[in-house]
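*Asks:* One-letter residues, chain by chain:
2 protein chains.
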Amino acid sequence: MSGAQSELKNAGLKVTGPRVLVLDYLEASRDRHLSAEDIWTALKEQGEEASLATVYRVLTQFESAGLVHRHTFEGNTSVFELADEDHHDHMVCTKCGSVTEYVDDVIEKRQHEIAAAHNFQVSDHVHVIYGLCKACH
Amino acid sequence: MSGAQSELKNAGLKVTGPRVLVLDYLEASRDRHLSAEDIWTALKEQGEEASLATVYRVLTQFESAGLVHRHTFEGNTSVFELADEDHHDHMVCTKCGSVTEYVDDVIEKRQHEIAAAHNFQVSDHVHVIYGLCKACH
DNA sequence: CTTAATGCAAACCGTTTGCATAGAT
DNA sequence: ATCTATGCAAACGGTTTGCATTAAG
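Here the protein sequences come in this chain order: R and D.
The first sequence begins at 1 in this note's numbering and counts up one residue at a time.
The second sequence begins at 138 in this note's numbering and counts up one residue at a time.
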């Protein structure tokens with residue numbers, strides 16, 4: 001039984017074709033941030049069928065189950081990535097669209113101090129740096 | 138001549154009814170972050186007419202002219218605010234939607250160091266803390 | 001066998017656009 | 001008078017949804 005199958009069971013989700021396909025594909029693309037359409041296209045190219053609507057449904061379920069994170073960045077399309085790693089933030093290249101991840105304890109800590117100072121109870125945060133990646137400038 | 142009128146001229150924009158209305162309304166709401174529809178509704182309520190399409194066009198022009206900043210946050214609707222103040226980041230209440238602004242030099246400085254370390258050329262950044270505001274928890 | 005998941009196509013929602021008309025300089 | 005801005009309604013693009021069908025447990 002594939003890793004995807006047991007992950008689905010652990011998450012309390014029924015093991016179905018589309019769910020396994022999407023999860024497998026996300027695991028094979030751990031270093032990338034994918035849109036629903038990216039995934040749908042990739043599955044079609046590898047001969048597997050899953051409707052776009054189902055890809056969206058599956059991704060939304062995965063997000064609720066905590067398997068996946070959804071990012072919106074600027075622009076209209078959401079991108080998804082597996083959620084099983086540590087928290088990190090993103091640098092998005094405005095030219096090629098590539099996404100670089102980073103972690104920084106100074107910032108992580110600092111934002112909790114800021115929130116506390118405003119009597120604000122943090123549940124999540126987004127930190128995105130926009131600019132040109134190494135390859136694009 | 139109102140402040141809005143001279144601001145428009147300075148920005149190289151023709152002084153028209155809808156542009157003055159939108160800019161005046163933004164100035165009267167400096168402490169808030171407004172969606173295109175918020176503005177359109179407000180104008181209608183105060184008896185002024187401007188089509189929603191025009192409000193969008195005007196806001197987009199203002200953004201290009203640097204008069205206004207557009208934020209997307211999470212979710213699909215953009216919000217706008219006047220751009221004539223210092224840079225700041227945002228805390229968004231996930232319950233009531235209120236937006237609190239803050240500035241922090243430690244974070245500002247730190248993110249440039251991080252970018253430099255990855256050979257990334259920063260043009261902009263977004264830092265949003267999500268959670269519950271003082272009033273909501 | 002029962003209930004939940006899928007595919008399809010249509011609906012949705014914020015936003016943009018083409019085109020004819022009104023308005024600014 | 002000229003050329004741009006506006007209003008309207010239709011188009012758009014990503015995402016969601018209703019409903020009949022299919023598959024998982």
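It is possible that part of the hints are untrue.
To be verified - Just so you have them, the derived chain D footprint on chain R, three or more residues with Cβ under 8 Å: (1) 60-68; (2) 98-107.
Claimed, not checked - For the chain R half of the interface with chain D, some residues (derived, Cβ under 8 Å), not all of them: (3) Val79; (4) Leu82; (5) His88; (6) Lys134; (7) His137.
Simulated from the structure, these hints should not be mistaken for lab results.
Where is the CB? At the ideal position from N, CA and C, for every residue including glycine.
*Asks:* Tell me, in ascending order, the numbers of any earlier hints that this structure violates.
*Replies:* 1, 3, 4 and 5
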